[in-house]
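> Residue numbers (this note's numbering), protein chains in the order written: chain A, 1 to 142; chain B, 1 to 318.
Possibly wrong hints are sitting among the right ones.
To be verified - Below are the BS3-like pairs computed for lysine-lysine, each with C-alpha atoms no more than 30 Å apart in a straight line:
hint, chain 1, residue 1, chain 2, residue 2
1, B, Lys-240, A, Lys-50
2, B, Lys-149, B, Lys-128
3, B, Lys-312, A, Lys-78
4, B, Lys-149, A, Lys-50
5, B, Lys-312, B, Lys-298
6, B, Lys-128, B, Lys-240
7, B, Lys-312, A, Lys-83
8, A, Lys-83, A, Lys-50
What the hints assert, rightly or not - Chain B side only, calculated, beta carbon under 10 Å to chain A, not exhaustive:
hint, residue
9, Tyr-40
10, His-254
11, Asp-255
12, Pro-262
13, Ala-264
14, Asn-265
15, Arg-266
16, Thr-284
17, Gly-286
18, Leu-296
19, Phe-309
Keep in mind that the hints were calculated from the coordinates and are not lab data. In this text, a Cβ means the ideal position worked out from N, Cα and C, and glycines have one as well.
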Amino acid sequence: MVSTAAPQRLIPRLRNKVIRSTQGRMAPLFKRVPYLPPAMTFDALPVVYKPEYGGPAQGILEIQVTGAGGGTWTLDIKPDRLKVTRGPGDRLPDTRMRVDSRTWTAMATGRIDGTEAFIRGRLEVEGDIRLSIKLDSCFGGH
Amino acid sequence: MTAIDTIDTAAIERLGDYAPDDVIAAVDGVLSQGAGAVSYVELYHRWERQQWRTEDLDFAPDARDWQERLLDPQRRQLMWFMALFFHGEERVAMELTPFIDAAPTPDQQIFLTTQVVDEARHARFFDKFYREALGFTEPTIGDRLAAVKDQLSGGFTELFGPVLTGVTNRMRRGDHSLETFVRGIVTYHLTIEGVVALSGQRHVLQFFREQGMMPGFRNGFTAVARDESRHVNFGMKFLKEAVAEEPRMIAVIHDQLAIAIPAANRIFDPPPGENGPGEMLGFTMGDLHAYGFETLQKRLHSIDVPPPFHWKREVAAA
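So here's chain A without its partners, still in its complex pose:
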């Protein structure tokens, strides 16, 4: 009989392996993926999340992705982990980002820096900008 505790022990080990192999960034994960639905990037976010980057900023970040494969995702950012759920959260987020799916995918694959997307007006931010900067570190931005 296989212990149910085994997969739980395995997940952190796998996670650490992925973080090491990608240097804590999402872009290398999807280097050879021809089409990347936004949903897949949100699945990967907790894996590449670097809690130490950007300091102890924490809170609720809502991301509205418009266009193909778009939708709303809510990120619960804690000092030690990141939890992602589909759809808007129960309360008003601390930060809301609005971005089209092409820009979002370009950010996730490292083709555009999140700061550049923001400064070029392709990514809108409401609220505490520190949370969006913390998120940028998950991509290729930092």
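Assemble the complex: chain A is given as a structure, and chain B must be docked to it using the hints.
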């Protein structure tokens, strides 16, 4: 008379007593009066009134504070922070001369000449601080710069390398067009001095002030911030006039910001193996970046240029 008024002519040995936010408020105060409120000649006269000497700074108390009052991780984090400023001052002193040839009017050229002198003084200030407070014993300034080069971030190398020299090399090759000069001012006076340097200075000075330590450094670094405020005033005045003269320069400003700001945003990234400043210095990378964008918004507002980005401080109910 408020603190903001007296900063203008305060002597070097008193400057460290001022709150960093007052020094920055003095810049914003000038900017809020509009570009016409202060002339290039007045900015030059301000430079004459605000002279200071690195020789007058006493770093003996700083050397004691550095050894006895700071913790190891604080010293380590401050070391890479200081290296950015030490190298930054030396690099801008070298890259400023093409601006003098490219500036459209003699009044602007004369002001920019004073700025070259300022940047050289700032590099000497950091050199003296490294020798007398931090105990560096390398024989020359070049050796001391080389000794801390490995502390520089990728963002620094990119911003002071291809981003800044990309523009200054065009000027060196004889491109004295308005567009190239605007791109230079956006990179140097707005991004490097007006956003990155003032944000970093504000947070480091605030930390030392709250801890009541490093008095020599505080005096000198506040003088540096006051000089840079004058440079920022020059740059913002020029950009405002350029936009009024040729509205297409708004698009040029936006484009150059899109080139410079991503590199600037990575400038305070720590060296490999180090975390960000964290709570060891009382501020975080996120604080620095948020403060930087707020500052950028203010600067753009002061020159009547809409920000290219969309950022509202409050989250609206969906």
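> Do the numbers back the hint for B:Tyr-40, that is, is its least Cβ distance to chain A under 10 Å?
violated (29 Å)
> For the hint on B:Asp-255, just tell me whether its beta-carbon gets within less than 10 Å of chain A.
Hint on B:Asp-255: holds, closest Cβ of chain A at ~9 Å, below 10 Å.
> Taken at face value, is the distance from the CA of A:Lys-83 to the CA of B:Lys-312 at most 30 Å?
The hint holds at about 25 Å.
> Going straight from one Cα to the other, do B:Lys-240 and A:Lys-50 come out at no more than 30 Å?
Violated, at about 41 Å.
> Let's test the interface hint: is any C-beta of chain A closer than 10 Å to that of B:Phe-309?
holds (5 Å)
> Min Cβ distance, B:Ala-264 to chain A: is it shorter than 10 Å?
holds (9 Å)
> Close enough to count: is the Cβ of B:Leu-296 nearer than 10 Å to one in chain A?
holds (9 Å)
> Given B:His-254 was flagged as interface, is its beta-carbon under 10 Å from a beta-carbon of chain A?
B:His-254 check passes; min Cβ-Cβ to chain A is 8 Å, inside 10 Å.
> Are the Cα atoms of B:Lys-312 and B:Lys-298 separated by 30 Å or less?
Holds. B:Lys-312 to B:Lys-298 sits at ~13 Å (cutoff 30 Å).
> Going straight from one Cα to the other, do B:Lys-128 and B:Lys-240 come out at no more than 30 Å?
Not satisfied, since the Cα-Cα distance of roughly 37 Å exceeds 30 Å.
> Holds or violated: B:Lys-149 with B:Lys-128, Cα cutoff 30 Å?
holds (17 Å)
> Does B:Asn-265 meet its interface restraint, that is, does its C-beta lie within less than 10 Å of any C-beta in chain A?
holds (4 Å)
Hint check: violations occur at hints 1, 6 and 9; the rest are consistent with the structure.
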